[in-house]
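Listed here are the chains, written in short residue letters.
There are 4 protein chains.
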Amino acid sequence: MLYFLSDYTEGCHEKLLEALAESNRVSQPGYGEDRWCRSAAEKIRALCGEDADVYFLNGGTQANRVVIASLLRGYEAVIAAETGHIAVHEAGAIEGTGHKVVTLPSREGKLRAGELESCMASFFADATHEHMPEPALVYLSQPTELGTLYSKKELSEISAVCRRRGLKLFLDGARLGYGLMSPACDMSIRDVAELCDVFYIGGTKVGALCGEAVVFPRHGAPKGFFSTVKQHGALLAKGRLLGVQFDALFTDGLYWDISRRAVELAMALKAAFAEKGYPLFADSPTNQQFVILTAAQKERLEKDVAFSVWQPLDDGRFAVRFVTSWATRPEDIQALKALL
Amino acid sequence: MLYFLSDYTEGCHEKLLEALAESNRVSQPGYGEDRWCRSAAEKIRALCGEDADVYFLNGGTQANRVVIASLLRGYEAVIAAETGHIAVHEAGAIEGTGHKVVTLPSREGKLRAGELESCMASFFADATHEHMPEPALVYLSQPTELGTLYSKKELSEISAVCRRRGLKLFLDGARLGYGLMSPACDMSIRDVAELCDVFYIGGTKVGALCGEAVVFPRHGAPKGFFSTVKQHGALLAKGRLLGVQFDALFTDGLYWDISRRAVELAMALKAAFAEKGYPLFADSPTNQQFVILTAAQKERLEKDVAFSVWQPLDDGRFAVRFVTSWATRPEDIQALKALL
Amino acid sequence: MLYFLSDYTEGCHEKLLEALAESNRVSQPGYGEDRWCRSAAEKIRALCGEDADVYFLNGGTQANRVVIASLLRGYEAVIAAETGHIAVHEAGAIEGTGHKVVTLPSREGKLRAGELESCMASFFADATHEHMPEPALVYLSQPTELGTLYSKKELSEISAVCRRRGLKLFLDGARLGYGLMSPACDMSIRDVAELCDVFYIGGTKVGALCGEAVVFPRHGAPKGFFSTVKQHGALLAKGRLLGVQFDALFTDGLYWDISRRAVELAMALKAAFAEKGYPLFADSPTNQQFVILTAAQKERLEKDVAFSVWQPLDDGRFAVRFVTSWATRPEDIQALKALL
Amino acid sequence: MLYFLSDYTEGCHEKLLEALAESNRVSQPGYGEDRWCRSAAEKIRALCGEDADVYFLNGGTQANRVVIASLLRGYEAVIAAETGHIAVHEAGAIEGTGHKVVTLPSREGKLRAGELESCMASFFADATHEHMPEPALVYLSQPTELGTLYSKKELSEISAVCRRRGLKLFLDGARLGYGLMSPACDMSIRDVAELCDVFYIGGTKVGALCGEAVVFPRHGAPKGFFSTVKQHGALLAKGRLLGVQFDALFTDGLYWDISRRAVELAMALKAAFAEKGYPLFADSPTNQQFVILTAAQKERLEKDVAFSVWQPLDDGRFAVRFVTSWATRPEDIQALKALL
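Chains as they are written, first to last, in the numbering used here: chain F, 1 to 340; chain D, 1 to 340; chain Z, 1 to 340; chain A, 1 to 340.
The following block holds chain F by itself, in its conformation from the complex:
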């Protein structure tokens, strides 16, 4: 069986396993006070700015929930694209902390600065706006849930609206590496740090067993963030599990190598589909590829290949997703191509 189901269907990059093995017997305090968490945070600060606050959390929904809850007052709301992960696939995690997710139309998975500005303008133009949840934070994903990318110009425009309107800007980077290493990307992680108030560098989907590094540039972490993490049940006793992995990921550019390689394989996969005449559902320059299959094609492929159905289309065909990761091998692409 060829596996393109997701980027979380294998363990972790072998270098992380090695780092876990090597550090295994070294005694260090718990709760993120170990030497690896410190070292990993320093390496991330070297990339994002020396005044960045860095915390390690376990997974994406957890990071979204804890960060958003830590930044909003009770009645405040989050703005997200209607396809945003927090709006769709987190079982109401944000609402569970008391906040409404206000959705804007998704343009290939992306928000647009103009629509964001209009949304805020209409909000304040409404005489009854104090009876409505006030947007106070914008959530977006880079790359998006559809694998697409914000350009630096697009993100800068959104950031400008946020700053003018007093909105926090939060970038979900569960797959950040695949975005920044895409040939289509024109921004650096430093740009992300400059344009956003908080973001995370995804580990789980980029070669780690688990873990997301939450970064608040410019000492932006809210008071008591450590306690907020603890209260949400998101603090690991063996915080080293995250520290060791992120320290390895940010040693000798491993994080970027993993990302770049997976995107290259994704481009080969995309080319294979194109060559065989399969239409795209979305034109993604990152590690998630969305193509359209007929029911017959889908049924045939499912015998040998694991992939996921994104959504049934009205004409009976299916938008499906193929994902590459650190574990994908070039020969997997060739084998897939042979089956198309």
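Don't read these hints as lab results, they were simulated from the structure. Please note: incorrect hints may appear among the correct ones.
[Stated by the list, open to error] Result set (BS3-like, lysine-lysine): computed pairs, CA atoms no more than 30 Å apart in a straight line:
| hint | chain 1 | residue 1 | chain 2 | residue 2 |
| --- | --- | --- | --- | --- |
| 1 | D | 223 | Z | 223 |
| 2 | A | 276 | Z | 15 |
| 3 | F | 276 | F | 298 |
| 4 | F | 43 | F | 223 |
| 5 | Z | 276 | Z | 223 |
| 6 | F | 276 | F | 303 |
| 7 | D | 223 | F | 15 |
| 8 | F | 298 | F | 337 |
| 9 | A | 298 | A | 43 |
| 10 | A | 276 | A | 298 |
| 11 | D | 276 | D | 43 |
| 12 | A | 223 | F | 223 |
[Unchecked claim] Here are some chain F residues the structure puts well away from chain A; computed CB gaps all over 10 Å:
| hint | residue |
| --- | --- |
| 13 | 260 |
| 14 | 264 |
| 15 | 272 |
Small disclaimer: the values here were computed from a predicted structure and weren't measured. Idealized CB from N, CA, C, for every residue including glycine.
Following the hints, position chains D, Z and A against chain F.
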């Protein structure tokens, strides 16, 4: 430096590392639908009853929070000993889900059935009780935060009060192995399953990198528990991380071996203190040992040994804690003894 | 100034004032245990079924919040029309209790049974639905926020979908009297009780100073509802304030008389607009009337008449709302007509 | 039957009824934007400082819940006396908003500055305090739940600890009038405003049908407090109900007259018990009186008098409560005395 600071200051038992390495490249679906989660759950059901619902969560506070939130109505409260972990060291995790933690006096870390019954009797005798948070769940730890153990008789009596009063009984087993493998323990894990409505088998503190196996005997998991886990940000994309570890822990009795060995070393450590004339702060038959040090003794030992101060005593001395784990070696005990 | 701003811009029907004055010195226990609450509940049960549980709350948002929170598990969601009050104008009250409001398209303020069924079918057809907030309750308003009415057939069809799908059906009756007394209405309050799991009979907007009577037919109140009310800060010490008013409203059919009279005046108001050639924005058979004004008409009328702007239209005109109530006099309609 | 059950067992002072009747037909906007709310707020500002923010809420638990939720971050806790209303009789309203209530010993219903300081010092001395809910607000009642009063010196000392420690100070004044009008009281409402960050002037228990005026001195209301009130379901559509009543209460000193008179009657009642040799349970200088009855005395009195049992005593006797209000008449005291 000799390390007795806690049972979460090293990585994991080497057999778990091996299992992680071995399974690393095997592709499996995420979110706990992998083969190891299934296998581990089966092994746990073999111990606890075939009708047990088993879920794997990341850590103790997370398990406490998610389980309690899933079982209570909005206005309902939890009863815990005043020394209970949820009452003291979880940054308000339970209150964060909307529920009051009502505390009863701690008797060496334990609740007593009689006091529980009195508490419930007084509650319902109060004509205004509908204006008060109604206790609906009892939380206790086995072993307790002071390393002490409920006897089977004590737990049975508490369980009987709970059943009579319609209270759910939840046992925090973050260190369950150390409890059940203590020579002082007269109950089995099957007894725990019979007496409680839900409990967890701690992994993080018993040789795993992370992970607690939540067990609801008699198909007792509340409707939608999976979604509750997801909403709390407690669902790992790579659920296999927990499955692989628990599968290894419950293969060939590794979990019990780790626990038994650590308790034996703890007994040796206790004997060493006794031999040298140090008084005990609590008489623990498990892997956490509590002794009393003078300020001078404390200062001297701290140079070579890592341990934690539990609480300053009124007479200027200190109750301190020494903890053993899978990573403790017999020679560490000898070396410590030489320093006493 | 002619006042058509809303149905909550005056005090209360004089008979309620009289009842308050008459009962003022009578000593009775607090928290809803007074004789008038009991009497009012009996009168409501006589209308809705002897097995109805009846509670008195203060206002609409409060009732929506308390009722919904009392009926849902943590991860469960509410379905509402996109124009539903809870989706728009309650400052995130429902999300504040942890629940997502899932919106469906509004058809003149109404949900449709077919769309509800499709929504549920799609939800369960999605293989990842356990990662999404599960709808468990349907919220609708009768009359709607646009003054329109569900026919008995429409409500029956929605009720049938709810029962088949295991959804609770909650009817917001903040203006229920104006709905049931409309000549266009083909259902009785007994029908409402039969078709819904919970609803409320609005007092605040139908002649009372404050108060909504929440009705759970068929002993449907969830366990501990009184405590839930208390926990939400929604229990009045002087519960009699609500009891006295509802007792008066349901004596000699006053509630229905107030409602019928206001609807008659609203129909006269609507006829006046029609006669003068003003287009309708929505065709409402109840006490809220929505017409379209040009900017010039709006500006002119605002000098002498208080009404509210519902929304600006794309062509520069305005949808505006005129509301009648117990306090509206026939001569007000004549005076308004003279100004059109 | 003589009624001393509580101060919320009758309607409202007749002057408030008159004001409601007089204003009844005057049309004014809803949601607290009416002329009476404005006028009442101005009168309260004249007493408490021109820079005070004033809001009108419905009841005590509601005010406690909304105010506390508006001022705390997620993981922060409230400190209260163990007898404090929020700690005992609000069905977990504060926990329902996510916050722990940390209790300190009650000294006749009061907190002590020294114990508060010790509590904070211990908190920060604990190396693990970031794992604990951080106290951020102090709640106290004036008069207390036992009718006792903080002296100006006591309140000043508590206020000083709060300011040094960065704690907000919140005074529950559900019976504030009875406190300030007690001959034993040495502080003014202006003192309260100077020493506290927020407090409320109770209406429900001091002659109104409902209503508490929340005062944030020095423009201390948190951003978006109006929306917070709305989100909690605590905003009345007919906000005038509260405005009219508070405007009447603060016209010609009615609030103080009601309070002074009830305290005088309470002192007469206390003297009657003393004269007849009944022991006091607490020595209250305000409108709640606590005496001790034998079972026989209690049984006998209950035939003719309504009062409440505060708590059974260990020796078989009962602490009981008698309360006076605006509705108590001098002849009621005489009649009671005759029965003792």
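Status of each hint after checking the structure:
no. : hint            : in the structure
1   : D:223 <-> Z:223 : holds (17 Å)
2   : A:276 <-> Z:15  : violated (46 Å)
3   : F:276 <-> F:298 : holds (14 Å)
4   : F:43 <-> F:223  : holds (23 Å)
5   : Z:276 <-> Z:223 : violated (55 Å)
6   : F:276 <-> F:303 : holds (19 Å)
7   : D:223 <-> F:15  : violated (40 Å)
8   : F:298 <-> F:337 : holds (14 Å)
9   : A:298 <-> A:43  : violated (44 Å)
10  : A:276 <-> A:298 : holds (14 Å)
11  : D:276 <-> D:43  : violated (43 Å)
12  : A:223 <-> F:223 : holds (17 Å)
13  : 260             : holds (38 Å)
14  : 264             : holds (43 Å)
15  : 272             : holds (48 Å)
Hints 2, 5, 7, 9, 11 from the list above are not met by this structure, while the remaining hints are.
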